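Line by line, the protein sequences give chains A and B. Quick note: the first sequence uses the working numbering, first residue 42, plus one each step. Quick note: the second sequence uses the working numbering, first residue 1494, plus one each step.
Be aware that one or more of the hints could be misleading.
In the DMTMM-like style, the derived pairs of lysine to aspartate or glutamate whose C-alpha atoms are separated by at most 20 Å in a straight line are [unchecked claim]: (1) B:1814 <-> A:203; (2) B:1814 <-> A:177; (3) B:1864 <-> A:157; (4) B:1676 <-> A:83.
FYI, nobody ran anything at the bench for these hints, they're computed from the structure. If you're wondering where the values come from, they're calculated on a predicted model, not measured in any experiment.
Single-letter residue listing:
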Amino acid sequence: MTELTHPDRQERESNAPDGNEPSLEGRPALRGENLVLGYGDEPIVDGESLEIPAGEITAIVGPNGSAKSTLLRALARQLEPDAGTVVLDGRDVTEFGDKAFARTLGLLSQESVSPDSVTVEELIYHGRYPHRGFFEPVGDDDRAAVERAIELAGVEDLRDREVGALSGGQRQLAWIAMALAQETDVLLLDEPTTFLDLRHQLMVMDVVERLNEESKTTIVLVVHDIGQAARHAKHVIALQEGTVYARGPPAEVLTEELLADVFGVEATVETVDGQLRVLADRPL
Amino acid sequence: MSDSVHPSTEPTPETPDERTSWIDLPLVKLVVSSLLVTIVAGLIQVSLGSYSMTVGEAWFALVEPATGQAKRVLAGEITPWTAVTDFTESLEATEQIVVWDVRLPRVLVAIFVGMNLAISGAIFQAVTRNELASPFILGVSSGAGLAILLTLVAFASLAVYLPLFAAVGGMIAFLLVYAIAWKGGTSPVRLVLAGVIVGTVFSSIQTALFLFAPDVGVVQSAIQWTTGSLVGADWGQVRLVLPWTVLAVGLSLVASRQLNVLLLGEQTASALGMSVERVRFALASVAVLAAAASVAVAGIVSFVGLIVPHVVRSVVGSDYKRVIVGCLFVGPALMVVADVGARLALSPTQLPVGIITGLVGGPYFLYLMRKKRNLGDI
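Based on the provided sequences and hints, a complete structural model is requested.
Okay, structure coming up:
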């Protein structure tokens, strides 16, 4: 399988001092500095900093009301911080033009709406919006990107179906394909698996892992399911009431103490065949 | 995209040309049938009335002067320009004068008004993501109507710029409605309620203005304005509405992709790199312009901007390229038919066309309310 890269990224990699992969890893792609976030008078997040390592899957976990989605929206420039800055690839995000930003960072919101009669393929083509000028017709690069997105998300058989006629899981895969067609270096996903049946949860996470492996896309997931975070993420940020409680590799962050302190559950954390397993036993 | 493209993902050869692939069978059927309806209704409109002729005679009276002028141009007797400017003088028979000078301009104005109202409604429905939106319901028509009445009463000499004054009035009304409905975002129901409030206030002011009118004649023509009427529409009105129609139609066709992305919701649109507020404002301005142009020549014709986009969407789906094109044909068909009814139903008394569209549109609105579970969201 050829690597799914696009020219921007190839260029950046080859310009780096020591070759391909290590150049991206370890360098923070996305950073929030002293962020103060809120929707009114009282800040929900009061002066937090966090780093999203480039080329990895990062999971943001926390109970309801811990400001996971607020933080994600700030990182995606959808919510303007009251104070602090968000830095993407070394640049303050406010310096980016709207379309340039959307070519670098994509966001899939929790609730996506579309007219029912849009076909999956039409929806995915909308992902090319930031790559096209006002009068520019669809080009070969757009078609190629859409085909890659369809292949990667595994929605070939849904291509001509209307979005309104799909199941929740199929619809989510179609939306993910749209975000893939955007071809961004960073992709933020807000609870991509919530409300999906088990099979589609696994399919979605599979797409996310393949995207990360094949094109080194930096991925940030907000997830409710600690088990998913443990299984798929390389880096976990645990939030409690708007503050970063812990961060690091899953094995270090997702401990029985943290689950008790942050989530208020008694849980068993064990490693089975090198896989971290989290079993919640009862609420505390 | 360069050499990094995966072999299996190269554009498939059977991919149809994107410029035409969006034209599908339902759209073609809709366009053709609307065209037929417009032509038949238009022919009826030019044949019948106080000076009646058969449809055949009307057709002859319509075609003969045009071919006559064309022949003279081809023979080198006159330039194409004088063929147009001297056209009225070239008319000989009474039939020709009745058709060309009195009845045809009215049909043309109806066509342009239908186009404008339909695309205005279609754009408002996408911008507010609300299928109940229309220039009439959002108060834009009342705002434009008020501006026109003010202009007619106070600055009668500026009548040439009526569409512009109407656009300003419509824009003010729309911004007011948006501001009233805004509460950290808007909802379909809030927008409709705010539109009704602003529309009612503006209509009251319009009625109050009648009291200051110099004579009864002005009041009568003012009432025709506020109910929407094509009585007395002539070539002057065609010239008034044509440039703004061309502008609004062109802009809305160009903007169809932006409209499609807006339909994905504010969050997705902005995540895709759209400056949502700016695009929304620009598109609303196009819709206000289109509505204002039609209000300037026909007064406030209700419900066309609501019904037409809805009918079109139910046939061609939600893709706005198709919706806009469909509106450009269905709008005129509805307007021309309604105007035939308005002129001939109670002949010799002419009804304002707005009464006919209201009589058809009201029940359609009710039908929508009863049929749809989630009324409002597109």
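A quick look at each hint next to the structure:
Between residue 1814 of chain B and residue 203 of chain A the CA atoms are separated by roughly 17 Å; this keeps the pair inside 20 Å, and the hint holds. Annotation: proposed proximity of residue 1814 of chain B to residue 177 of chain A holds, straight-line Cα distance about 15 Å (limit 20 Å). For the hint linking residue 1864 of chain B to residue 157 of chain A, the alpha-carbon distance of about 17 Å falls within 20 Å, and the restraint holds. Pair hint residue 1676 of chain B plus residue 83 of chain A holds up; C-alpha atoms about 19 Å apart against a cutoff of 20 Å.
Violation of the numbered hints given earlier is absent; every hint is satisfied by the structure.
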